[in-house]
Each structure stands twice: as C-alpha cells, then as structure tokens.
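Peer 1: Residue numbers (the numbering used here), protein chains in the order written: chain A, 1 to 308; chain B, 1 to 308; chain C, 1 to 308; chain D, 1 to 308.
Don't read these hints as lab results, they were simulated from the structure. No false leads were slipped in.
Listed next, the in silico EDC-like pairs over lysine to aspartate or glutamate satisfying Cα-Cα at most 20 Å (straight line):
hint: 1; chain 1: D; residue 1: Lys222; chain 2: D; residue 2: Asp294
hint: 2; chain 1: B; residue 1: Lys118; chain 2: C; residue 2: Asp151
hint: 3; chain 1: B; residue 1: Lys302; chain 2: D; residue 2: Glu306
hint: 4; chain 1: A; residue 1: Lys222; chain 2: A; residue 2: Glu39
hint: 5; chain 1: C; residue 1: Lys232; chain 2: C; residue 2: Glu9
hint: 6; chain 1: A; residue 1: Lys118; chain 2: D; residue 2: Glu152
hint: 7; chain 1: D; residue 1: Lys302; chain 2: B; residue 2: Asp241
hint: 8; chain 1: C; residue 1: Lys7; chain 2: C; residue 2: Asp160
hint: 9; chain 1: C; residue 1: Lys280; chain 2: D; residue 2: Glu92
hint: 10; chain 1: A; residue 1: Lys118; chain 2: B; residue 2: Asp286
hint: 11; chain 1: B; residue 1: Lys280; chain 2: A; residue 2: Glu128
hint: 12; chain 1: A; residue 1: Lys280; chain 2: B; residue 2: Glu128
hint: 13; chain 1: B; residue 1: Lys118; chain 2: B; residue 2: Glu152
hint: 14; chain 1: D; residue 1: Lys118; chain 2: C; residue 2: Asp286
hint: 15; chain 1: B; residue 1: Lys118; chain 2: C; residue 2: Glu152
hint: 16; chain 1: C; residue 1: Lys280; chain 2: C; residue 2: Glu53
hint: 17; chain 1: C; residue 1: Lys118; chain 2: B; residue 2: Asp151
hint: 18; chain 1: C; residue 1: Lys280; chain 2: D; residue 2: Glu128
hint: 19; chain 1: B; residue 1: Lys222; chain 2: B; residue 2: Glu306
hint: 20; chain 1: B; residue 1: Lys222; chain 2: B; residue 2: Glu9
hint: 21; chain 1: C; residue 1: Lys302; chain 2: A; residue 2: Asp241
Label pairs and their computed distance ranges (CB to CB):
hint: 22; chain 1: A; residue 1: Glu39; chain 2: D; residue 2: Gly257; range: 53 to 63 Å
hint: 23; chain 1: D; residue 1: Gly257; chain 2: B; residue 2: Gly188; range: 24 to 34 Å
hint: 24; chain 1: A; residue 1: Leu307; chain 2: B; residue 2: Glu152; range: 46 to 56 Å
hint: 25; chain 1: A; residue 1: Leu307; chain 2: C; residue 2: Gly234; range: 20 to 30 Å
hint: 26; chain 1: D; residue 1: Glu305; chain 2: B; residue 2: Ala186; range: 35 to 45 Å
Computed footprint of chain C on chain D; a stretch qualifies when at least three of its residues, placed anywhere within it, have a C-beta under 8 Å from a C-beta of chain C:
hint: 27; segment: 88-94
hint: 28; segment: 119-125
hint: 29; segment: 278-284
Think of the CB as a built atom: it goes at the ideal place given N, C-alpha and C, for glycine as much as any other residue.
There are 4 protein chains.
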Amino acid sequence: MPLIHEKTEGVFVISATPFHPDGAIDWESLDRLTDSYFEDGADGVTILGMMGEAPKMTQSEAAGIAARVIARAGNRPVVVGVSAPGLAALGELSRTVMDLGAAGVMVAPPGSLNTDPKIHGYYAQVCELLGPDIPVVLQDFPLSTKVQISDEVLARIIADMPSIKMLKHEDWPGLSKISKIRAAEAAGQRRISILCGNAGLFLPEEVARGADGAMTGFGYPKMMVEVTRLVKAGEIGRAQDIFDAYLPLIRYESQPGLGLSIRKHVLARRGVIASPAVRKPGGPLDAAAMAEVDRLIARQEKRLEELG
Amino acid sequence: MPLIHEKTEGVFVISATPFHPDGAIDWESLDRLTDSYFEDGADGVTILGMMGEAPKMTQSEAAGIAARVIARAGNRPVVVGVSAPGLAALGELSRTVMDLGAAGVMVAPPGSLNTDPKIHGYYAQVCELLGPDIPVVLQDFPLSTKVQISDEVLARIIADMPSIKMLKHEDWPGLSKISKIRAAEAAGQRRISILCGNAGLFLPEEVARGADGAMTGFGYPKMMVEVTRLVKAGEIGRAQDIFDAYLPLIRYESQPGLGLSIRKHVLARRGVIASPAVRKPGGPLDAAAMAEVDRLIARQEKRLEELG
Amino acid sequence: MPLIHEKTEGVFVISATPFHPDGAIDWESLDRLTDSYFEDGADGVTILGMMGEAPKMTQSEAAGIAARVIARAGNRPVVVGVSAPGLAALGELSRTVMDLGAAGVMVAPPGSLNTDPKIHGYYAQVCELLGPDIPVVLQDFPLSTKVQISDEVLARIIADMPSIKMLKHEDWPGLSKISKIRAAEAAGQRRISILCGNAGLFLPEEVARGADGAMTGFGYPKMMVEVTRLVKAGEIGRAQDIFDAYLPLIRYESQPGLGLSIRKHVLARRGVIASPAVRKPGGPLDAAAMAEVDRLIARQEKRLEELG
Amino acid sequence: MPLIHEKTEGVFVISATPFHPDGAIDWESLDRLTDSYFEDGADGVTILGMMGEAPKMTQSEAAGIAARVIARAGNRPVVVGVSAPGLAALGELSRTVMDLGAAGVMVAPPGSLNTDPKIHGYYAQVCELLGPDIPVVLQDFPLSTKVQISDEVLARIIADMPSIKMLKHEDWPGLSKISKIRAAEAAGQRRISILCGNAGLFLPEEVARGADGAMTGFGYPKMMVEVTRLVKAGEIGRAQDIFDAYLPLIRYESQPGLGLSIRKHVLARRGVIASPAVRKPGGPLDAAAMAEVDRLIARQEKRLEELG
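Using the sequences plus the hints, can you model the full thing?
Peer 2: See below:
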C-alpha cells in the first residue's frame with residue numbers, strides 16, 4: 001500500500017461522507033464518490049476530515065468508512081483524519097486504519113493548545129505514540145481549530161518530528177507561510193509536502209509559491225487538478241483563467257459551517273451522491289441558497305465553455 | 001436501578017479514573033475508589049467527567065469503566081459523562097451505559113455553541129436523540145467549555161426539555177444563578193436538581209442559596225457530605241467552620257489543569273488508589289507542589305482536630 | 001448635516017487613514033482619499049473603523065481625523081466608528097463627532113459579550129448613553145469581534161432600540177440573516193438599513209436578498225457602486241459580470257490582518273494616497289504579495305475591458 | 001520620584017477608583033483610599049488597572065486620576081496601567097503619567113496575540129516606543145486577557161527587553177512559573193521583580209517560591225502586608241494562620257467580574273470610600289451577596305481575634 005511522504009504532490013480530495021436522508025451512511029454513494037474523485041484526476045483522497053463529518057461518526061462507523069474507501073481506492077492513497085479529544089482514541093483509530101491500508105493519518109491540534117510549547121509538545125506526543133512508521137499530516141487550520149501555529153513553532157516541529165511528512169495548509173492569511181517553509185528548505189530544513197485547503201480559495205498563488213497541490217473538498221475536483229497542473233507547468237495565465245471561472249462558486253462554498261451543505265448539494269446535483277443530507281446539527285441548504293448555487297453553476301459552465 | 005430525578009440531592013463525587021504508572025486502567029484501585037466514595041458518605045458517583053479523564057479513553061475503555069463502577073456501586077446511582085464531539089457517539093455511549101444500569105448521563109455543551117439559540121438547539125437535539133427515558137444532567141462549566149449559558153436560555157431549556165433533571169452548576173461567578181432558578185421555581189417553573197461543582201469552592205453559599213448538594217471531586221469527599229448536611233440542617237456556622245478547615249486545600253486543588261494531579265496525589269497519599277498517575281498530556285505533581293499539598297494536609301488535620 | 005436613517009442606501013466606503021512613512025497622519029492624502037471616494041460614486045464614507053486603524057489613534061488624532069473628513073465631505077454623510085473598551089470614552093467621542101457634523105456613529109460589540117442578554121444589554125446601555133438623537137450603526141462582524149449575534153437577539157435589539165438605524169452586516173455566513181430581517185420587516189418589524197461589509201465578497205447576493213448597499217473598503221469603490229446599482233436595477237447578470245472581474249482581487253484583499261496593507265498598496269498604486277504605510281503592529285506588503293496584487297490588477301483591467 | 005526596578009518588593013495595592021452614585025469620580029474618596037493603602041502598610045499603589053475600571057475612563061479622566069494619586073502618594077511609588085488597544089494611546093498616556101511622577105507603567109497584552117512570536121513582538125514594540133527610561137510591568141493575567149504567556153517566551157522577553165523590570169504574576173495555575181523564573185536567575189538570567197495578583201489567593205505559596213510580594217486589590221491590604229512579611233521572615237506557619245483567617249473572603253472576592261463590586265462594598269463598609277458605586281456595565285452587589293460578605297467579615301474578625 002502506498003504511503004504519503006515528504007514529496008507527495010497533486011490533489012487529495014477531502015471526501016464528503018454521503019448519508020441517506022435518515023442519517024444512515026449511504027455506502028453505494030460512498031463508492032461512487034470515491035470513484036468520481038479519481039475519475040476527476042485526484043491523486044488521493046482524505047477521509048474523516050471535518051468536511052467528512054468525522055466528529056459525527058461513532059468509532060465503528062469511522063472504521064467502516066475507512067475500510068470501504070481504502071478497499072475501493074485500490075492502490076491509490078487514502079489519508080484518514082484521526083483527530084480526537086484524547087490520545088488513546090487517536091492512537092487506536094490510527095492503528096486500525098493503517099492496518100486497513102491507509103496512506104497516512106491527519107491530526108489537527110486540539111483547541112486547548114494555547115502556547116507554542118504546548119503545540120510542539122502535543123505533536124511530539126502524537127508522533128511518539130504513533131511511532132516512526134505512520135506518516136502524519138499536520139492540519140493547520142486556525143479558523144476552525146482556534147490554534148495559531150507560528151512559522152517558528154512549525155519549523156521546530158518539522159525539525160524534531162520526522163514522521164510529519166505533510167502540511168495540510170489552511171492558515172489564513174497563509175501565503176507567506178508557504179514561502180517561508182520553502183525558503184527554510186533551501187537553507188537546509190527537511191522538506192515536507194504542502195497540500196493546501198481553504199476550499200481552494202488561493203490555489204494559484206499557493207502552488208506558485210511552492211505548494212505541492214491541494215487537499216480540500218471543492219465540488220468540482222477537476223478545477224484543483226487542472227489549476228495545480230497548469231501552475232506547475234508554468235501556465236499561470238491559463239491556470240488563473242480556469243480558476244477565475246470557478247471562483248464565484250469557490251467563494252460561495254467557502255462559507256464556514258455552510259460549506260458542507262453547499263458541497264453536498266453540488267455533488268448531489270452532479271449525480272455523484274444520492275442525497276445531499278448532512279447529519280445533525282447540520283441541515284439542508286435553504287431554497288434561496290440553492291437558487292444562488294444553481295445560478296453560479298450555470299454561469300460557471302458558460303464561462304468554462306467560453307474559455308474552451 | 002435508581003435514576004436521578006428533579007429532586008435528587010446530596011453528594012455525587014466526580015470520580016477519578018485510576019491508572020497504573022504505564023497508563024493502563026487500574027481496575028482494583030477503581031473498585032477501592034468507588035467503595036471509598038460511598039464509605040465517605042457519598043450518595044452517588046459521577047464517572048467519565050473531565051476529572052475522570054474521559055476524553056483520554058477509547059470508547060471501549062469508557063464502556064468498561066462504566067460497567068465496572070455501576071456493578072460495584074450496586075443499587076447506588078452512577079451518573080456517566082457522555083459528552084462527545086458528535087451526537088452519534090454521544091447517543092451510542094448513552095444507550096450503552098443506561099443498559100448497564102447508569103442513573104443518568106451528563107452532557108457538557110461543545111465549544112462551538114456561541115449563541116443562545118445554538119445552546120438551546122443543541123440540548124433540544126440531545127434530548128430528542130436520547131428520548132424521554134434517559135435523565136440528563138446539564139453541565140454548566142464555562143471556564144472549561146467556553147460556553148456561557150445565560151439565566152434566560154437556561155430557563156428556556158428547563159421549560160422545553162423535561163428530561164433534563166439536573167444542573168451540574170459550576171458557572172463562576174454563579175451564586176445568583178442558583179437563586180434565580182429557585183425564585184423561578186417558586187413562581188411556577190419546573191423544579192430541577194442542582195448539584196454544584198467548581199471543586200466545592202463555594203459550597204456553603206451554594207447550599208444556603210438552594211442547591212441540593214455537590215457534584216465535584218475534592219480529595220476529601222467527607223467535607224462535601226458534612227457541609228451539605230450541616231447547611232441543610234441550618235447549622236451554617238458549624239458548616240463553615242468545617243469548610244474553612246479544608247478551604248486552603250480546596251483552593252489549591254481548584255487550580256485548572258493541575259487540579260487532577262493534586263487530587264490523585266491526595267487520593268494516593270490517603271491510600272485509596274495505588275498510583276497518582278494521570279494519562280498524557282497530563283503529568284505528575286512536581287516536588288514543590290507535593291510539599292505544598294502535604295503541608296496543607298497536615299495543617300488541615302490539625303485544624304479539624306481543634307474543631308472536634 | 002445629513003443623518004443616516006433606516007432607509008439609507010448606497011455605498012459608504014470604509015475609509016483608510018493615510019500615514020506618512022514615519023507613521024504621522026498624512027492630511028493631504030486624507031483629503032484626496034475622501035474626494036476620491038465621492039468621485040468613484042460613494043454615497044458616504046465611514047471613518048475610524050477597524051480598517052481605518054482606529055485603535056491605533058490617540059483620542060485627539062481621532063477627533064482631528066473626524067473634523068477633517070467631515071469638513072471635506074461637505075454635505076455628504078460621514079459615519080464615525082466610536083467603539084471603545086468603555087462607555088465613557090465611547091460617549092465622549094460620539095458627542096464630539098456629532099457636534100462636528102457626523103451622520104451617525106458605528107459601534108462594534110466588545111469581546112466580553114458572551115451571551116445574548118449581555119449583547120442586548122450592551123446596546124441598550126449605548127443607546128441610553130447616546131440618547132435618541134444620535135443614529136447608531138451596529139457593526140456585526142463576528143470574525144473580528146468574536147461576538148456572535150443571533151437572529152433572535154438582533155430582532156430584540158431592533159425592536160427595543162429605535163436609535164439603531166443601520167446594520168453593518170458582515171456575519172459570515174450571513175446571507176440568511178439579511179433574508180430573515182427583511183422577512184421580519186414584511187411581518188411588521190421596524191425597518192433598518194443594511195449595508196454589507198466583508199470586503200464585498202458576497203455583494204451581489206447580499207443586495208439581491210435585500211441589503212441596501214455596501215459599507216466596506218475595497219480598493220476600487222467603483223465596483224461596489226456599480227454592482228449595487230445594477231442588482232437594484234434588476235440587472236443581476238451584468239452586475240455579476242462586473243463583480244466577477246474584480247473577484248480575484250476582492251478575494252485577495254479579504255485576507256484578515258493582511259487586507260489593510262493590500263488595500264493601501266492598491267490605493268497608493270492608484271495614486272490616491274502618497275504612501276501605503278500602516279501603523280505598527282501592521283507592516284508593509286512583502287514583494288511576493290505585491291507582485292501577486294499587481295498581476296491580479298493587470299488581469300482585472302483586461303477583463304473589465306473585455307466586458308466593455 | 002522613585003521608580004520601580006528589578007528588586008522592588010513588598011505590596012503594591014491595585015487601587016479601586018471611587019465614584020459617586022451618579023458615576024462621577026469621587027476625588028475625596030480617592031485621596032482617602034490612597035492614604036488608607038499606605039496606612040495599611042502598602043509599599044506602593046497601582047492605579048488604572050482592570051480593577052481600577054481603567055477602560056471605563058476617558059483619556060482625560062485617566063490623566064486626572066494619575067495626577068491626583070501621584071501627588072497624594074508623595075514620594076511613594078505609583079504604578080499606572082496604560083494598556084490600550086493601540087500603541088499611540090499607550091505611548092501618549094505613558095509619557096503623561098511619567099511626567100507626572102509615576103514609578104512605572106503596567107502593560108497587559110492585547111487579546112489578539114495568539115502565538116509566542118506575536119507576544120514577544122508586542123512587548124518589543126512597547127519597549128521600543130517607551131524607550132529605555134520608563135520601567136515596565138508586564139501583566140500576565142491569562143484568565144482576563146486570554147493571552148497565555150509560556151515560560152519560554154517570558155524568558156525571551158526578559159532577556160531581550162531590559163526595561164521590563166517587574167512581572168505582575170497572575171497566571172493560574174502559576175506557582176511553577178515563579179519557581180522557573182527564580183531557577184533561571186540562579187542560572188544567570190537577569191533578575192526581575194515578581195509581585196503577585198489573583199486576589200492574593202496563593203500568596204503564601206507565591207512568596208515562599210520567591211515572589212517579592214503582592215500586587216492585587218483585596219479589601220484588607222493589611223493581610224497582604226503581613227503575609228508577605230511573615231513568609232519572608234520564615235514564619236510560614238503564622239503567615240498561613242493569618243492568610244487562612246482571610247481566605248473565605250479572599251475566595252469570595254476572587255469571583256471574576258463580581259470581585260470589583262465586592263471589594264468596593266468592603267471598602268465602603270470599612271468607611272474608606274463613600275460609595276460602592278461601580279461604573280456601567282458593572283452594577284452593585286445584590287442583597288444576598290452583601291449578606292454573604294458581611295457574614296464572612298464577621299467570622300474573619302472573630303478568627304483574627306482568636307489568633308491574636
């Protein structure tokens with residue numbers, strides 16, 4: 001089974017978890033969704049992240065989803081979110097999913113880490129617990145976690161914990177963080193892979209500054225695949241043209257809390273999943289929002305046609 | 001099996017979870033600890049709260065602890081903390097422990113509840129999920145949860161959700177909250193039981209204002225039993241004398257984050273549990289703190305003797 | 001002097017405060033900036049908001065800026081941000097600027113308001129302090145203030161405090177908040193003006209849902225003027241075409257903390273202000289960001305030309 | 001005029017600001033209060049701190065209070081709180097009060113400092129702004145400021161900013177922070193004065209661990225003076241006896257938000273200030289709380305008599 005490593009690149013789609021309208025997991029839609037991501041050109045998927053409604057799962061549901069998606073993905077890498085309030089649950093789920101063939105685990109910092117030494121100490125404990133053989137993705141998403149990871153402490157974490165192979169970068173503003181990491185690497189710091197989140201809202205700039213790709217869940221993963229490929233190929237103008245065509249919808253999807261319902265509406269509208277249902281306390285998109293999304297998609301299709 | 005109800009009174013000790021030095025659960029100490037609480041006069045125990053290191057347990061460990069303590073407690077009530085990031089896990093654990101014979105479940109609000117309607121909505125969802133037969137304790141502990149529950153929204157929750165039978169009161173400052181609830185009940189609001197936390201730091205005033213007792217984890221539960229009994233019996237002076245004798249240690253134990261290590265040191269020193277070990281990211285008490293605690297205990301014993 | 005009222009509409013630009021490179025106020029640039037906003041079609045300006053670096057001013061500087069801009073604006077309305085840690089300073093500044101001819105004052109909630117009753121109580125105190133004759137803009141910007149104002153408490157504030165004439169709307173996500181206010185008005189609630197912030201990121205949808213315009217500080221105020229006018233005229237397609245042309249830059253400017261430096265860079269590049277200097281602890285835009293902004297502006301101009 | 005320095009010791013009382021019932025400053029009570037602090041044995045006073053209701057003052061009121069207290073104190077040191085949302089106001093007030101003869105200024109970190117480098121950077125800017133001749137007290141009070149200052153960043157601040165002469169220590173739990181600073185000094189770190197806050201709740205332990213005294217506002221400053229003196233003289237038992245006699249009231253006063261009203265009630269009851277009035281949004285103590293305070297004071301007097 002493939003593992004992520006410090007040079008992993010491309011697009012890992014943050015997978016949604018499809019539910020039936022009654023809240024039960026829709027396994028058929030989950031298969032179709034997994035297939036769809038790879039058909040759209042994804043290099044991997046990341047499951048049980050925040051957008052995968054991980055905290056709303058029981059432990060056995062989480063393991064079941066991991067088993068299903070890893071099997072379906074075949075030899076393509078699947079990263080699994082294992083963030084948990086305590087280390088025991090985090091360790092247990094990590095070992096379970098690695099045994100199932102996961103490519104690595106993703107860990108966001110708990111909200112109680114309010115100093116740089118506590119942040120460093122937490123990841124030291126996680127890495128010690130998981131041992132040297134489980135690759136770890138550090139999720140740096142302060143808007144949601146409330147934990148601000150400074151450039152300085154991030155550099156210390158990279159230096160001290162070799163099993164952290166990848167940064168899921170979604171600090172905001174965060175462009176200079178990418179530049180600083182790449183500059184530090186040019187000066188001798190160990191390389192890590194950087195895949196960017198934040199709904200893709202800064203993807204052209206991020207890749208141009210040295211990110212290796214995207215790890216987020218926009219409803220049209222094809223956009224992320226093309227923009228990442230084109231910027232890397234030096235075709236920044238064309239990349240930005242395509243990005244701009246999707247941007248009105250990217251912006252709309254980036255609304256915190258609401259983003260998941262929008263994304264599921266888009267995926268259901270595209271026929272990839274059967275129902276846009278989200279588990280409580282989430283709810284469905286209201287009619288006004290649906291109309292706005294549909295209008296944006298119609299414009300997006302027209303604009304993409306113009307671009308050829 | 002006894003269930004908690006809107007008139008439950010007395011002292012429910014927030015139970016620690018004893019570990020071996022290597023972090024494994026120490027089942028023998030857990031039995032001894034459970035016995036010890038009842039020998040000290042407790043009316044019930046509450047397990048898997050924050051002080052029980054609940055977030056550091058795996059799901060199966062949590063169920064195992066609940067089974068053990070409920071069995072050991074015999075026909076005495078055991079409340080189980082079931083707070084979880086999502087409703088699915090909360091519901092699953094609640095049903096498991098109620099089947100084992102728990103007296104009720106305790107639910108703290110997740111930190112994302114930043115408006116009164118969201119707080120109300122969350123408890124509405126919890127109560128709908130659990131159904132009318134599972135008694136719920138609402139844990140109101142803003143210092144830890146970051147969720148401030150106003151008098152107004154608390155009154156609406158009490159009015160709308162009959163399965164909430166008890167308030168674990170640890171708002172700070174919070175004395176007027178007790179007075180307002182009892183005044184509202186005098187004016188017709190449904191009664192609920194109020195047991196107070198906050199390490200017992202305001203216990204005489206709380207009971208004098210109408211609280212039904214304590215639900216917290218001070219290392220000498222006997223203090224809570226006596227103070228509660230004496231205030232209810234109108235002997236406020238004697239109650240305060242005893243309280244004051246313990247107060248230097250209560251104050252010391254109330255240090256957030258550190259309190260658990262102090263409490264376990266006290267329990268181990270008293271011979272109730274074998275080891276003061278706490279799970280990571282917690283750590284042992286350092287030598288200076290141990291010396292301070294030991295000095296306070298020596299003074300406490302002397303003062304209690306003086307009081308007779 | 002004109003006062004804002006419950007039907008005020010159009011675009012109030014959140015004004016920057018220009019500084020010389022040494023941090024002193026650049027009065028000439030301030031005049032030019034004020035003129036420029038009105039030349040771009042603004043209906044009013046709002047000074048001493050967060051983007052005006054208000055907290056970095058001394059009290060006398062704040063009064064000086066208000067005097068200068070109000071004089072320069074002539075008979076056009078100037079709203080003044082008066083948020084302060086305490087009511088005494090807030091009241092003093094409010095009276096000063098109203099005497100100078102301000103059109104109203106803007107008040108953001110202090111971060112300590114962590115329950116709905118406290119939020120309501122705070123605005124009640126502010127309105128009582130200011131009296132019935134000073135029109136108040138309620139700034140609802142949770143990302144920055146950390147205070148989440150629910151639809152319910154907002155409705156109570158509107159009902160109870162007639163001097164609140166306008167909502168500076170920048171809750172995020174916040175589109176449904178606009179729809180709910182307009183629906184409540186259709187059902188009899190007092191009307192208030194709604195001008196939207198958030199860097200204009202959702203302006204077409206906001207106006208379509210009933211907002212009266214914009215109150216934010218994007219570097220090209222013309223965009224806000226045109227989009228607002230076109231949506232109100234029913235030309236949503238054309239409005240969105242123009243909006244989309246600016247969107248890559250709007251998105252870039254919306255980076256919290258960094259937005260002010262970007263905006264000042266744009267204003268300086270446009271020749272409106274002499275220097276992009278921001279006061280400490282802010283700093284200048286780095287070279288990489290400047291290049292990104294310049295590239296976006298070049299594309300923006302080309303796209304606007306294509307649109308005609 | 002005396003300045004604070006790195007060996008300043010003793011008790012600096014955090015002064016309340018007395019108001020008339022209508023909210024106007026009560027200058028006569030302010031004089032009496034200042035005198036009373038020194039009569040009780042204080043070595044200095046600290047004005048315009050949080051407990052001095054500083055944020056509720058206008059800038060001119062703040063300067064007026066500073067002038068009055070500094071004049072009244074004669075050659076005894078007066079520290080002035082100058083925390084402000086921005087550096088310009090902080091600098092202006094600092095220069096004003098130093099010209100008036102203040103002994104130093106106290107600066108708490110603004111709530112936006114969410115990483116160690118930001119905390120360090122903020123104090124670097126403050127010290128650069130104030131220059132080498134104004135002694136600075138760093139107020140470390142996370143419960144109120146929401147800024148957690150780690151041992152590591154505090155050590156860097158002490159090393160890099162020689163004008164920081166004193167730590168107002170009120171981290172909680174914070175005893176080990178004192179021990180670590182003193183240990184670092186034994187290993188060569190520059191010495192700073194440590195005066196402790198937190199309503200005095202841990203004063204015996206703090207001084208025993210190396211603190212130089214107290215800087216807080218308990219209603220009976222004599223307690224702080226005696227406990228500090230006795231612990232330093234090695235009479236820890238006698239110190240703790242006296243401390244314990246006051247502890248029930250200290251505990252009651254330490255309720256956040258409510259503490260100020262309690263303290264003013266005590267001061268008014270003692271006849272030191274004319275009215276317990278606090279400025280809005282604060283309010284008076286309710287009848288139940290007053291009765292509780294009065295009961296505690298009666299017991300305190302009795303216990304002190306027993307102790308002789």
